[in-house]
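Enquirer: Sequence:
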Amino acid sequence: EDIRKEENLDVFSVDPDYDEHEEEWKAIRAEILGEGDSSDDENSSSDDGSSDESEEEVPDEEDEDQTTSQAIVPAETSKQVTVVQDMTEADLVHLRRTIYLTIMSSATFEECAHKLARIDIPPGRESELINMLIECCSQERTFLRYYGLIAARFCLLDDRWRDAFMEAFTEQYTTIHRLETNKLRNVAKLFAHLLHTDSIPWSVLSVIHLNEDETTSSSRIFIKIIIQEMAEAMGIAKLKERFETQDEEQKLWYAGMFPKDNVRNTRYAINFFTSIGLGPLTDDLREFLKNAPKLILAQAKEAMLAKKEADSDDSSSVSSTSSSSVSSSSSSSYTSSSTSSSTSSSSSRSSRSRYSSSESSRGRRRSQSGGRKKRDKKKRYSSGSSSSSGSSRSSSNSRSEDRGRSRGSRKDKKRSSGDRRGRRSDRGRSESPPVKSIPKEPFESDHKRSGTPGRSRSSSSH
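FYI, the numbering for the sequence shown is 1 to 462, going by the working numbering.
Heads up, a few of these hints could be off.
[Said to hold, decoys possible] As a list, the in silico SDA-like pairs of lysine to any residue whose alpha-carbon atoms are at most 20 Å apart: (1) 115 - 145; (2) 5 - 17; (3) 240 - 280; (4) 307 - 291; (5) 251 - 211; (6) 240 - 259; (7) 224 - 254; (8) 224 - 249; (9) 240 - 216; (10) 189 - 212; (11) 224 - 270; (12) 260 - 241; (13) 183 - 140; (14) 183 - 167; (15) 251 - 283; (16) 290 - 268.
Read the hints as simulated data drawn from the structure, not as lab findings. This one's a predicted model, so the numbers in the text were calculated from it and none came from an experiment.
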């Protein structure tokens with residue numbers, strides 16, 4: 001019962017004193033928010049300026065012009081504002097802290113995207129938000145779609161965020177070898193989410209050149225995770241359709257991942273996609289590899305024809321220039337031939353006489369040198385023959401002497417051996433006693449015939 005019900009507040013009614021009430025409310029608001037001090041300062045400055053102008057007024061017109069010109073100068077200088085640059089980057093550190101706390105404290109990706117969008121990030125500082133988002137994503141144990149959804153929302157908000165994410169993809173791919181395996185996997189899945197949701201264009205894949213020379217183990221793992229995540233999200237059939245497009249511009253995007261410039265790189269790409277379980281993506285490359293020899297021959301023929309055409313063009317240009325030079329030289333030679341004919345005849349005669357004299361002197365010298373050479377050869381031959389005959393004679397004499405010596409030594413050896421044998425026989429005769437001759441028994445022949453000596457002996461004894 002004590003409660004006062006102001007039901008009239010629920011009904012709209014016209015205030016007859018609206019202007020007065022609004023002025024009162026403005027005064028109260030200025031007093032609470034501190035807006036009254038600035039307004040008082042402005043009023044006081046305006047009053048001071050008006051009083052100064054009134055004092056400086058002079059009745060003469062010339063003085064008025066001088067005073068007005070002098071009064072304008074300090075007004076311009078007072079409007080200049082000095083800009084202070086903070087080299088400590090305290091604002092940048094505060095911005096990064098705010099972004100990190102907003103990302104980690106939000107419950108859903110929509111809340112986080114809304115809070116981050118309200119942060120006043122100046123143009124040119126988009127990389128701070130993107131790098132912080134990538135860093136937070138890489139620090140997780142496993143990939144969270146929370147970060148992918150936030151990144152996709154920012155890519156759809158404004159083109160500057162999309163361009164910043166494209167630059168971040170190029171930077172992360174070139175420096176991917178600096179990350180650990182877990183961080184590498186999370187970053188790859190983040191960009192795979194942006195690609196299969198079409199948040200960023202697929203032209204960023206033109207940075208990838210899949211060959212043995214331009215890739216590392218880390219970059220190959222990065223490519224593998226991205227393509228596998230895209231195939232899992234989109235389906236391998238749709239992914240193959242996107243890669244095998246007929247658009248010439250999009251073919252340039254994927255030319256590095258599916259190389260056809262070199263047979264070695266083509267085989268490497270086929271083996272890579274087959275090893276990660278995405279062999280159907282290489283059907284186009286396999287057909288190219290089958291037809292590669294024919295294409296190489298055709299390209300070689302085209303190159304040869306182009307070279308021949310270029311050579312023919314060069315020769316035609318050279319011939320045209322040479323013909324012009326020949327025509328000019330012929331005209332000049334015709335004019336000079338008439339003047340040099342007389343001099344050439346006299347010079348030819350003198351040169352012939354000189355040539356004949358030189359030839360005769362050369363012939364004499366050659367004959368003299370030839371005679372000397374023959375004499376030297378004869379002397380050498382005679383000395384060589386005499387020396388050879390002497391050496392042959394000496395060698396034959398030495399051989400005959402050697403033969404005589406060998407024969408004499410043989411005879412001496414035979415004589416010595418005969419003497420030794422004679423001495424031994426004499427010694428044997430002197431030492432051995434004389435041997436008596438034993439007469440043969442009459443039954444010896446019978447024993448030889450019969451072959452039984454024992455029985456004959458016994459019979460004879462009996």
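Enquirer: Indicate, hint by hint, whether the structure satisfies it.
Expert: Structure-based check of each hint:
no. : hint      : verdict
1   : 115 - 145 : 18 Å, holds
2   : 5 - 17    : 24 Å, violated
3   : 240 - 280 : 8 Å, holds
4   : 307 - 291 : 25 Å, violated
5   : 251 - 211 : 17 Å, holds
6   : 240 - 259 : 15 Å, holds
7   : 224 - 254 : 15 Å, holds
8   : 224 - 249 : 24 Å, violated
9   : 240 - 216 : 25 Å, violated
10  : 189 - 212 : 23 Å, violated
11  : 224 - 270 : 13 Å, holds
12  : 260 - 241 : 18 Å, holds
13  : 183 - 140 : 8 Å, holds
14  : 183 - 167 : 19 Å, holds
15  : 251 - 283 : 15 Å, holds
16  : 290 - 268 : 15 Å, holds
Checked against the numbered hints given earlier, the structure breaks hints 2, 4, 8, 9 and 10 and satisfies all the rest.
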